[in-house]
Amino acid sequence: MEIDVNGALRALPEALADPAMPLLYALRDLLGLTGTKFGCGVSSCGACTVHVDGVAVRSCVLPLAAITGKRVVTIEGLAPGGGRLHPVQQAWLDHQVPQCGYCQSGVLMAAAALLAKNRNPSDAEIDAAIGNVCRCGTYPRMRDAIRAAAN
Amino acid sequence: MRRRTLLVSGLGAAGALVLGWAALPPRDRVGGLDSLPEEAGAIGLNGWIKIADDGVVLLAMNRSEMGQGTHTALAMLVAEELDVALARVRLVPAGHDRLYGNVAMFVGNLPFHPGETEPGRQTNVARSGQWVVAKVARELGINATGGSSSVVDAWDVLRLAAATARARLVGAASIAWKLPVGELTVTEGVVGHASGAQAHYGELARMAAATPPGDVLLKPRAQWSLIGTAAPRIDLPAKVDGTARFGTDVRLPGMLFAAIRHCPMLGGSAGAVDVAPALALPGVERVVRLGPYAGSTAALAVVGQTWWHAQRGAQAIRVEWQQRPAGPLDSAAIVASLEREARAADAAGAGFTFFSRGEAPDDARSAGAVPLRQVEQLYRAPYLAHAPMEPINCTARVAGGQVEVWAPTQVPGLARDIAAQVAGVPVEAVTVHVTYLGCGFGRRLDVDFVGQAVRIAQETGGRPVQLVWSREEDIGHDFYRPAGAALLRATLGADGLPLTLAITSAGDAITPRWMERGIPYLTGPVDTPDKTASEGLYDQSYAIPYQRIRHVATKSGVPVGYWRSVGHSHNAFFSEAFIDELAHAAGQDPLAYRLAMLQGVPRHRAVLELVAERAGWPGHGEARRPLPAGRARGVALHESFGSVVAQVVEASIENGRPRVHRVVCAADVGTVVNPGIVAQQMESAVIFALSAALYGRIDIAGGVVRQSNFPNYPVVRLGESPLIETHLVPSERAPGGVGEIGTPPLAPALANALFALTGKRLRELPLQL
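From first to last, the protein sequence lines stand for chains A and B.
My numbering applies: residue 12 is where the first sequence begins, and numbers increase by one.
My numbering applies: residue 191 is where the second sequence begins, and numbers increase by one.
Just chain B, same shape as in the assembly (with noise of 0.2 Å):
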């Protein structure tokens, strides 16, 4: 199928929706008076805002704390429009309302080009399929954190909120005092005039909520006293001195432990069980057998009255597993097969067409010279896990036809669905309580632990009772990043650049696997094509004349789930390590090779040279920043979530293996809301890239995951970890992503680096000398 068919087709389905829908207007996202009703002296201005009577701004948060920095960030935007101090905005559960939905997520997720989205530059098809897909998404109203896309849905929407409030405020101070607004001021929240009139926010707000707005105003760049400095995060201070509640650290008066046994093979289940030797142990209450749950593989659960007790329990029964009805998963014969669909769609011109441009050349051939160079590889990425520090688990409780669950979750609706219909209520009789997420990085996007702890606790009486699971669990038990391989060809014309590009990637689409799990009311009997498969591949900003970019999408039967940066997380290593495959092969330096390849797109080649200069590139400043006898530079350029990254990693190799010294790292987010956070990101998103780029692996045989916990899986500690520098282009427009954004460059630059000392070219995943 193409995709110019597949986006038509779509709009035209929808085609009498858009017009009845063009009709009415934009659905607002700032909400009424009554999104959020008075309670305890609090008075909502929006659905976003409420104002205490002591004048601190309570802010519904709907987006889940995983260390990225989004609840700073959005207090930041609020704080900003309403002129009071950080430390004066107070987060407060959003709820379920659709008001709380992720619409740039969504949106984020179609299969454009950026260049056909680019503001100022957008193609029909693009701002239509933009419009439907916001609207869509805003009717949906699905509340998910991930998608790097807190900051950049929360921009406008928030600044509005805030800024609407600020106006009831102002107004409803102008009114009382019978003095014009435009004399009004407001200094940390107390609003004023130069007769000496000044009255706090918490004074003015029962007023406020019946003062209509009037014209709401954004308050201008130049303005700013909050946004764009590093602020302080405001969840640090608990994170320091163990106050901080993540899902584990619920504590309920009579609450229970469960600890959980899946089946070992994935896809599995529990034949013939014998519980007596758990039950014998003290401690131990009951066995509950668990089904799959939203993906999950069959398990027992043992409840105990410490998680202890539990999990001696759980490691104590006698179970006959059985394997999986399609039989046993193997990952090392799907990688293979990944290999041969990707080589044979390549052969046949199958697969879909993610992007094309350019007439096919009849003969890469021009009259009478030399025969074009052509460069072909392969490309293979592993399966893996996501390990987040905090171990997989939620809190329950099922008592008088009402539930409730705790839960470290990146998608307070879905989990609430599956607890309703786990216990069989209505989505109205079920709370959830979001807690601070011990890491996410796109596990908790599912919600299999919640349906089995809901479960559970339909079996405890009425306790509330607290699931958790082991590392072994987790690792053997996850929703995996999907194994790739990509075969990728170029070929170069007379001056070494590439005239022609042609990429075929296979495996598994991620998006429909997780809407089947998390969403299955959307899902329909057909997977479409998921762009996360391709992305980082079809997406590129290189002027290549030619390009043919095409995915096959398998189904590997593997558990699949987002890992962060998802198709990006392996892709940029295939297009960035090829990319720098041609420069060697066309005999130029990989970073000049580069920029010449940048044409009309200034943001890539002002992140690239800021790269370049920072960390010393030949050419750019190397005299300021000599490189060490025995270390070598590579770099990667990549965009992704809306945002541009250059990376130039330094190393060197020690003991056979690689070690990096320091990762110089250029980006380009739009507006930077705080420095300090989009810092930390940086350093968080290359460690975690770079485990993976030195170690990360799943494998499985015979259906059972290889790995399990640190020793066997292990990640990058504190003696290997690199200096890390994060340098910003300053930039006015919109934000982009931050989260995710400085994994995908990692592993290519490395491995361009290890080519730069060894001469050997990696072309797999871990890079293993």
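So here's chain A without its partners, still in its complex pose (with noise of 0.2 Å):
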């Protein structure tokens, strides 16, 4: 089984890729990319978001059966490239967002996925796109990042 990730084909061990598995941990257990969570296994959270042909999805019960022939983005691969930052991930630095960070990753998706079909969203556009659980409470300085990276 093959899986197209950031922009690469990636070969999955054929012993251990079950077309019931979760693309979630093919990602973090079978390609060691780690930068996708697991927060709660039934897609609640958000942690575990990524782009599947550039819609933000949560991986965590997402089967690899149903990504057959479609292009997966992680946040490995949400930068440009040549050193430069997604305007998100710039906009999540000047605001300071982090703090644990562990959600971050998936609501940085979450983020790039509505500002790619939403280039100015509103309040209520946010609240409705980012549902994300982030346990250290960095949802005001989300809001300020994303209204800022929109500009």
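Hints are computed from structural coordinates only; laboratory data are not their basis.
You may find that some hints are simply not true.
[As the list claims (entries may be wrong)] What follows is a set of in silico ranges between Cβ atoms, one per label pair, in the way DEER data are often shown:
#1 N162/A to R847/B: 48 to 54 Å
#2 N162/A to W367/B: 51 to 57 Å
#3 V66/A to L913/B: 29 to 35 Å
[Stated by the list, open to error] Residues of chain A clear of chain B, computed beta-carbon distances all greater than 12 Å:
#4 E13
#5 L20
#6 D40
#7 L44
#8 V66
#9 G80
#10 L126
#11 N129
#12 R130
#13 R154
[What the hints assert, rightly or not] Which chain A residues stay away from chain B? Per the calculated CB distances, all over 12 Å, these:
#14 A19
#15 G46
#16 A58
#17 T85
#18 G88
#19 R146
#20 R152
Cβ coordinates follow ideal geometry from the N, Cα and C atoms, glycine included.
The task is to assemble the complex, starting from two chains supplied on their own in separate frames and drawing on the hints.
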């Protein structure tokens, strides 16, 4: 089984790549891409958010069978490369958003997907798109950073 | 037992020791030249500071970063005194020397009233008690990140260590160039002289190690260029690109994964087990039975090639779980019993007295005057789970008589101890790597999961194994914030202010339970009173002439642990909502009422006045901040961990439920190291508290915790989060705690706002209208 991750086709070890395995564990445990996190396992917290064909998806309940032929982008592939950061990543630093940082990969992916679809989201649209859990309470800064990245 | 008796007898027992120790110089915490041996060209100048050959400063980092910014704050102290850019300080692991132990946290747990420990007004008992405990803590050298103590503990030590290192480096240049020290300057780690002579720290380090530091002076406050600034946090770049390594991100060659199923009944065990269905699944390696480790409930662990395979295996095992021998735990029954205990102790004058002031009035009635109004209420709070974002986890390898552990831990020394104990090796054979923590909140002060991981690693033929708990296992098998009940009673004088305040609270003592789990060699046969049970009640600074503040310590059997702000987390709700009740009973503005009781406590007055002004409280500039229709304000003032915080919550009711729009915070945290970090922590603590105030509850029936994951243990998300402002009172006193202090005032301030909105007084958490 192969999956397209961050612009490259990655082969998964045959013996372990189960079509029922959620994408999250293929990323973290088979491919060593640990930037995407496990937080709840029931798609409630959003720590596992990745992009599948440009859409923000919670990977902890998305089986490998469902992504054949699709392009996956993880936090490791969010930055455009060449030492530059994605605007949400830069805004996150400018506003000193993260605290423990564990939920932030998922939030950044959700925020990037939102801004890719909606150049100037309202507060209500931000609230609706960013349903992630952050136990450190960085929400006010997330909102400020998303607004800043939109501009 | 009376508090004074405890303290005096404790000190008396140590009397001989005290006399002996008084003759010895205080053991320094800077460490010597050989504390950090030379390694890869970096030269150690004391127990904390090494200089690399390119001049980079290596700081031995003993505290854990769990989002509270401690790595940055501590690095700033060192960068300031060494005159280097913050970017030129790199953190290296500190190791297990007793030098790196926490003193401030243990001193902070002494049951003194803040009035007894106030600098310049310390009582002799307080001074002696703190001195003895500081000495014991220094000797024990237990390294813990918690109690909002990292900056407090490091404040003098790290600045002195860095200043001492700087003095050696400048001294070395002075000798090499034969120029007076007074003529040398340091800019960005380069020692220079007007004559043009210059050398960077890397070039001077070897000589510096042989140069006595001479008189070391800390940099005067007026010269600070870094301390007090909102320097960007050094850990953030890795936290926006996925490269920051948490415990669950450890990846080692040949590593296996383990999932776990604890007995669903707290304190229960596994009887008959059928592992065949698990072993039949692909990717499953083996099953390991786990007894209790450092307070955990017995469990079964399944080892697999990925965590998903292991977790599937864990779900497939058929087990007959057995109930806890002492019977099933029931939270409703426990809370009801706490209420009974509080009332009974109040009636009998029983319980441990944490604070007492004034003579008992024979009759709370002045001759010929109107009978004094009495207000008595009972308050309650439930068990709470921590639910840290990163699930409970630990990676371990046991091979060739050596144990290696990777853990997001708040207590690396205790992790080492339990690893050694489980593996049956000396502690010297154990290496502990501390990763970033995806939240701590006190949960990772426990080391149950380390014991479990090491036990599993004994069964994997020397291959490393990473144990990760599911969210369900986490919420269902926590060390919970204890439930509590408190009976509060006050009599009001003619002016409406309280003349008497009597509080009897009941609830589990955390510290003796935590020590039994993590530091068993320090525990005695009898629990000593745990100050955390009464903090937030006994340590008030209101000028109430007669106070009796007592606590009945219970032992419910529910595993209990430290939860962000500990006893303050429920006691501040009890006390600050009750004070608000008194204000309303007296027909007075709740903020003015509090101000009237703040006599001789300028810090508290300044914080309360600042929040009033910034929030636009009536009488304090409300025209600048008109309150939209349908909203009300509530205020709370609370001191904890050496800092004072006041909050004004602006709330409304939406769809029958409370909605918080804004929280205005004012705080006196002493000297501010990084105002950006302080603001972050205030926001963090407020939202953490808001989740608990609106939703937090853990219900246990038949020993099983009813809540299991975020859908049924809800927390606040972006859509519900308020605007939060932080205003700091300038101060030159030594830093106070920051990480937890924003949590206690939130629930009472919100409850007080809800009362203003609805006339309904809520005396139980979570707040339900």
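So, going through the hints one by one against the coordinates:
1. N162/A to R847/B: 48 to 54 Å: Since the Cβ atoms of N162/A and R847/B sit about 33 Å apart, the hinted range of 48 to 54 Å is violated.
2. N162/A to W367/B: 51 to 57 Å: holds, 53 Å
3. V66/A to L913/B: 29 to 35 Å: With a Cβ separation near 31 Å, V66/A and L913/B satisfy 29 to 35 Å, so the hint holds.
4. E13: E13/A clear of chain B: closest Cβ-Cβ about 17 Å, beyond 12 Å.
5. L20: The assertion about L20/A holds, with a minimum of 20 Å to chain B.
6. D40: violated, 4 Å
7. L44: violated, 8 Å
8. V66: Since the minimum Cβ distance to chain B is about 19 Å, V66/A lies beyond 12 Å and the statement holds.
9. G80: Non-interface label stands for G80/A: nearest chain B Cβ at 22 Å, farther than 12 Å.
10. L126: holds, 15 Å
11. N129: Holds, because the least Cβ-Cβ distance between N129/A and chain B comes to about 16 Å, which exceeds 12 Å.
12. R130: holds, 19 Å
13. R154: violated, 7 Å
14. A19: holds, 16 Å
15. G46: Violated, since 2 Å does not exceed 12 Å.
16. A58: Check fails; 7 Å does not lie beyond 12 Å.
17. T85: violated, 7 Å
18. G88: Label violated. Min Cβ-Cβ 9 Å, cutoff 12 Å.
19. R146: Label violated. Min Cβ-Cβ 5 Å, cutoff 12 Å.
20. R152: violated, 7 Å
Checked against the numbered hints above, the structure violates hints 1, 6, 7, 13, 15, 16, 17, 18, 19, 20; every other hint is satisfied.
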